[in-house]
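Enquirer: Quick note, the sequences are listed as chains P and A, same order.
Its first residue numbered 1, the first sequence is counted upward by one per residue in this note's numbering.
Its first residue numbered 1, the second sequence is counted upward by one per residue in this note's numbering.
Source of the hints: derived by calculation from the structure; they are not laboratory data.
Remember, it's a predicted structure, so these values are computed and weren't measured experimentally.
You may find that some hints are simply not true.
Cut-off 30 Å, straight-line C-alpha distance, at most; resulting in silico cross-link-like pairs (BS3-like, lysine-lysine) [said to hold, decoys possible]:
1. P:81 to P:140
2. A:202 to A:65
3. P:34 to P:103
4. A:237 to P:81
5. A:237 to P:190
6. A:202 to A:171
7. P:140 to P:86
8. P:34 to P:86
9. P:103 to P:81
10. A:125 to P:140
11. A:125 to A:81
12. P:86 to P:63
13. A:102 to P:103
14. P:208 to A:123
15. A:84 to A:123
16. P:140 to P:208
17. P:34 to P:208
18. P:86 to A:93
19. A:171 to A:125
20. P:208 to A:102
21. A:102 to A:123
22. A:102 to P:86
23. A:123 to A:171
24. A:202 to A:123
25. A:84 to P:80
26. A:65 to A:84
27. A:65 to A:81
28. P:80 to P:63
29. P:140 to A:93
From the structure, some residues in chain A lie toward chain P, with a derived Cβ separation under 10 Å [stated by the list, open to error]:
30. 58
31. 66
32. 69
33. 90
34. 92
35. 136
36. 139
37. 143
38. 146
39. 159
40. 173
Just so it is clear, CB atoms sit at the ideal spot from N, CA and C, and this is done for glycine as well.
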Amino acid sequence: MGNLVFAIRCADGLVLASDTSYHLQAEKNPSMVKVEERLAVLVEPDVNFGRNLLQSYLPSAKKPVESVHSLAQACSEHCKKECSGKEIPITGLIFAGIDPGEKGRVELRGIHASRMFDVIGFAGNVFGGMNSIARFIDRKIYTPNMTVNQAKILAAFYVFQSQLALHNRLDEYIGMATITYPGGLQWAEKEEMAEIMSRVIGLSLDLKSRLTFLFTESR
Amino acid sequence: MTLALAIRAADGLVLASDSRVTSPRGETRDTSEKFLQVSRDVGVMTYGIAAPGYAGITRLVNETKINQYSTFDQIIESASKVFKSEFEEWLNKTQEIPEDVKPRVRQGSGSLGFVIAGYDDVKTKQFRIVSYEAPTFQIQEIVASPIFAAAQWHIAQYLVEVTYYPEISVKQLCNLAVFVFLETTTVETTVGGPIQLAIVTKSQGYQRLHDDDIQRIIENVQGQICSFRTELLGVAKAICMA
């Protein structure tokens, strides 16, 4: 089983999505970890290893988090120390949130085993795990003007389209959360996800019906 | 990495590959020859590590000629041994990979693969696609799916999933294959260079398409590329209008 996680920037916040959500509850969604009111970490693709790595750091961090970057920097140092000289699975952490004191500017940072856990900043959206299809569609249709409610449908569309081709490698569920300045981190509840999915299935069927005729003799 | 595709049409098969090779140091070049004709109706393609891949397909062609294999089954059975022995030989000799990493390459999957595709005019009377992957190189016949895509295959699999229909002709499938390559290269930097394309039909057997023909297909599919993007943008528009 693979995993897919990503964070989409919106006009009024961030949408976080993953394919691994067992009950759409914060503590049971293994790919997303809530750290503070407006800060979450996405884990990919070796979720258990990455999550344990993160959780081995968090309890020892006594100070409140100053910024998304400072958390990423501290985790980076922790991971470098913990993993030094060891053979470790491919894993990465994406830090997403709004800095305390900032009223709307979202910050995205990442660390990855393949890059020696150095902190990387992202200007656009961030994708982790088995992300080629989601990234491919994002490059074609993403617009930063979307609101978080619109981007939730877009995110579910990315995951659903990825599942079409990678159905035996991705989880069949979709987990989602938003981070906005007034609302903080909010998990998408079961009823809301059902509504989003019915919309996404409609959009996907419509797209499929039009694309099936892309390569016919008449064109 | 690379992208290797074998897709079944109603009246034949299409084999396609890019020509980019990426070295262990990350340097790329676009000159690799990734497939060859084995017999009148059969072609072979490789992906992954270039040196043992090319050695494997060349040796299969030679052994087929020397031993006068005439059936699809004879070719695919001998191929398994050929690919395994070429991989082992290369791994023992190569200095590209440090000695301590070699056991991991020997055990790991996906570092080297092969695809044999063609028409079986003796046993099944069908177009068949068979794949082999390191380290075992066991025969894997692709039966349930119309497509076999390897290496950087995710986007290709997705695009075929949304555009393929079983009645598609070889001619249209060539267009679809080129479309898939062009779209994949917009995101995956390890896929690129000139596209290599071959078809297998019952009447003509294996035919390699010339660069000029592929260039014409590239020009022909520009309309489909625009339509595809327009359709996807329609999704974004529908989301924003809600």
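Enquirer: The structure should be examined with respect to each hint, and the outcome stated for every one.
Expert: For each hint, the structure was consulted:
Restraint check for residue 81 (chain P) and residue 140 (chain P): the C-alpha separation of about 39 Å exceeds 30 Å, so the hint is violated. Restraint check: the Cα-Cα separation between residue 202 (chain A) and residue 65 (chain A) comes to about 21 Å, which is no more than 30 Å; the hinted pair holds. A hinted pair counts as satisfied when its Cα atoms are at most 30 Å apart, and residue 34 (chain P) with residue 103 (chain P) qualifies at roughly 19 Å. Of the pairs offered as hints, the one joining residue 237 (chain A) and residue 81 (chain P) is violated, with about 47 Å between alpha carbons and a cut-off of 30 Å exceeded.
Distance hint between residue 237 (chain A) and residue 190 (chain P) is fulfilled; the C-alpha atoms sit about 26 Å from each other, no more than 30 Å. Taking the CA atoms of residue 202 (chain A) and residue 171 (chain A), the gap is near 14 Å; set against the 30 Å cutoff, the hint holds. Note on residue 140 (chain P) and residue 86 (chain P): the hinted pairing is violated, with a Cα-Cα distance of about 40 Å set against a maximum of 30 Å. Among the hinted pairs, residue 34 (chain P) with residue 86 (chain P) is consistent with the structure: their alpha-carbon atoms are about 28 Å apart, no more than 30 Å.
At most 30 Å may separate the alpha-carbon atoms for a hinted pair to count; residue 103 (chain P) and residue 81 (chain P) exceed this at roughly 34 Å. For the proposed pair residue 125 (chain A) and residue 140 (chain P), the alpha carbon gap of about 42 Å is over 30 Å, so the pair is violated. For the hint pairing residue 125 (chain A) with residue 81 (chain A), the CA-to-CA distance comes to about 25 Å; that is within 30 Å, so the pair holds. Between residue 86 (chain P) and residue 63 (chain P) the alpha-carbon distance is near 29 Å, which keeps this suggested pair within the 30 Å criterion.
A distance of roughly 52 Å separates the Cα atoms of residue 102 (chain A) and residue 103 (chain P); the hinted pair therefore is violated under the 30 Å criterion. For a cut-off of 30 Å, the pair hint linking residue 208 (chain P) to residue 123 (chain A) is broken: about 36 Å separates their Cα positions. With a C-alpha separation of about 25 Å, the suggested pair residue 84 (chain A) and residue 123 (chain A) falls inside the 30 Å cut-off, and the hint holds. Only pairs whose Cα atoms come within 30 Å are accepted, and residue 140 (chain P) paired with residue 208 (chain P) is accepted, the gap being roughly 16 Å.
A distance of roughly 36 Å separates the Cα atoms of residue 34 (chain P) and residue 208 (chain P); the hinted pair therefore is violated under the 30 Å criterion. Our distance criterion of 30 Å between C-alpha atoms is met by residue 86 (chain P) and residue 93 (chain A), whose separation comes to about 28 Å. A C-alpha spacing of about 21 Å is found between residue 171 (chain A) and residue 125 (chain A), which places the hinted pair at or below 30 Å, so the restraint holds. Of the supplied pair hints, the one linking residue 208 (chain P) and residue 102 (chain A) is violated, its CA atoms being roughly 44 Å apart against a limit of 30 Å.
For the hint linking residue 102 (chain A) to residue 123 (chain A), the alpha-carbon distance of about 40 Å lies beyond 30 Å, and the restraint is violated. Taking the CA atoms of residue 102 (chain A) and residue 86 (chain P), the gap is near 18 Å; set against the 30 Å cutoff, the hint holds. A hinted pair counts as satisfied when its Cα atoms are at most 30 Å apart, and residue 123 (chain A) with residue 171 (chain A) qualifies at roughly 26 Å. A distance of roughly 14 Å separates the Cα atoms of residue 202 (chain A) and residue 123 (chain A); the hinted pair therefore holds under the 30 Å criterion.
Under the criterion of a C-alpha separation no larger than 30 Å, the hint pairing residue 84 (chain A) with residue 80 (chain P) is inconsistent with the structure, at around 39 Å. Proximity of residue 65 (chain A) to residue 84 (chain A) is assessed by CA-CA distance (about 19 Å); at most 30 Å being required, the pair is judged to hold. Straight-line distance between C-alpha atoms of residue 65 (chain A) and residue 81 (chain A) comes to about 16 Å, which keeps the hinted pair within the 30 Å bound. Of the supplied pair hints, the one linking residue 80 (chain P) and residue 63 (chain P) holds, its CA atoms being roughly 20 Å apart against a limit of 30 Å.
Between residue 140 (chain P) and residue 93 (chain A) the CA atoms are separated by roughly 45 Å; this puts the pair beyond 30 Å, and the hint is violated. With a least beta-carbon distance of about 31 Å to chain P, the hint placing residue 58 (chain A) at the interface is violated under the 10 Å criterion. With its C-beta approaching chain P no nearer than about 40 Å, residue 66 (chain A) sits outside the 10 Å limit, and its interface hint is violated. Residue-level restraint check for residue 69 (chain A) is violated (minimum Cβ-Cβ distance to chain P is 34 Å; threshold 10 Å).
Using the Cβ-Cβ criterion of 10 Å, the hint placing residue 90 (chain A) at the interface with chain P is not satisfied: the shortest such distance is roughly 25 Å. For the restraint placing residue 92 (chain A) at the interface with chain P, the shortest Cβ-Cβ distance is roughly 24 Å, beyond the 10 Å limit, so the hint is violated. For the restraint placing residue 136 (chain A) at the interface with chain P, the shortest Cβ-Cβ distance is roughly 20 Å, beyond the 10 Å limit, so the hint is violated. For residue 139 (chain A), the shortest C-beta to C-beta distance to chain P is roughly 21 Å, which exceeds 10 Å, and the interface hint is violated.
For residue 143 (chain A), the suggested interface contact is broken, since its CB lies about 16 Å from the closest CB of chain P, more than 10 Å. Because the closest C-beta pair between residue 146 (chain A) and chain P is about 13 Å apart, greater than 10 Å, the hint is violated. Taken as an interface hint, residue 159 (chain A) checks out: its beta carbon lies about 8 Å from the nearest beta carbon of chain P, inside 10 Å. The beta carbon of residue 173 (chain A) is positioned within 10 Å of a beta carbon in chain P (closest approach about 8 Å), and the interface hint is therefore held.
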